[in-house]
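The task is simple: from the sequences and hints, build the whole structure.
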Amino acid sequence: MGLRIGSVSIDTNDLAGSTAFWTAVAGYKVDAQDETYAFLVDPEGTGPALCINVVPEKREGKNRLHLDLHTDDLLGEVARVEGLGAERLARHGEGVTGWVVFADNDGNQFCVCAT
Numbered sequence: 000m001g002l003r004i005g006s007v008s009i010d011t012n013d014l015a016g017s018t019a020f021w022t023a024v025a026g027y028k029v030d031a032q033d034e035t036y037a038f039l040v041d042p043e044g045t046g047p048a049l050c051i052n053v054v055p056e057k058r059e060g061k062n063r064l065h066l067d068l069h070t071d072d073l074l075g076e077v078a079r080v081e082g083l084g085a086e087r088l089a090r091h092g093e094g095v096t097g098w099v100v101f102a103d104n105d106g107n108q109f110c111v112c113a114t
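Using numbering that gives the first Met the number 0, you'd call the opening residue of the sequence shown number 0 and step up by one each time.
Treat the hints as calculated values from the structure; they're not laboratory data. You may find that some hints are simply not true.
Stated by the list, open to error - Label pairs and their in silico Cβ distance ranges:
#1 Ser8 x His91: 21 to 29 Å
#2 Val29 x Gly84: 17 to 25 Å
#3 Gly92 x Glu56: 32 to 40 Å
#4 Glu34 x Thr114: 33 to 41 Å
#5 Asp13 x Arg87: 18 to 26 Å
#6 Tyr36 x Glu93: 37 to 45 Å
#7 Thr35 x Asp71: 31 to 39 Å
#8 Lys61 x Gly84: 17 to 25 Å
#9 Pro42 x Glu93: 32 to 40 Å
#10 Gly97 x Ala15: 28 to 36 Å
#11 Gly5 x Ala89: 35 to 43 Å
Every residue gets a Cβ at the ideal spot worked out from N, C-alpha and C, and that includes glycine.
Pasting the structure below:
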C-alpha cells in the first residue's frame with residue numbers, strides 16, 4: 000500500500016488543555032511541542048500520531064472529520080472519558096453495544112465505539 004495514516008490533526012484554542020485531554024484519553028505521550036502545536040505519539044508505536052494545532056478562530060458548526068475510538072469496554076471508557084471532561088452529546092445503541100458521541104474542550108466531536 001502506498002499511503003498510510005501517519006497522524007491526525009486536531010485544532011484547538013487551548014493547547015495545554017487539549018494536550019492534557021488527548022494524552023489522557025488516548026494514553027499517548029508528547030513527542031514534540033512548542034507554543035503552536037503538540038505532537039502526541041502512541042507509546043507502543045502502533046497507532047497514528049495526534050497533532051494538536053493552535054488556531055486563532057473558534058470552531059463553528061459540526062466538524063467534518065472526527066475520531067472513532069474503539070474499545071471492548073464501552074461503559075468503562077465512556078465513564079473514563081466523561082471523567083476527563085468530555086461532554087456527552089449522543090448515545091447510539093444500548094448497553095455495551097453501539098457508540099457515544101462526545102465533544103472535547105474545544106467542541107471537536109469524537110466517538111467511543113464498542114468493538
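For this structure, which hints from the list above don't hold up?
Hint 11 contradicted; others consistent.
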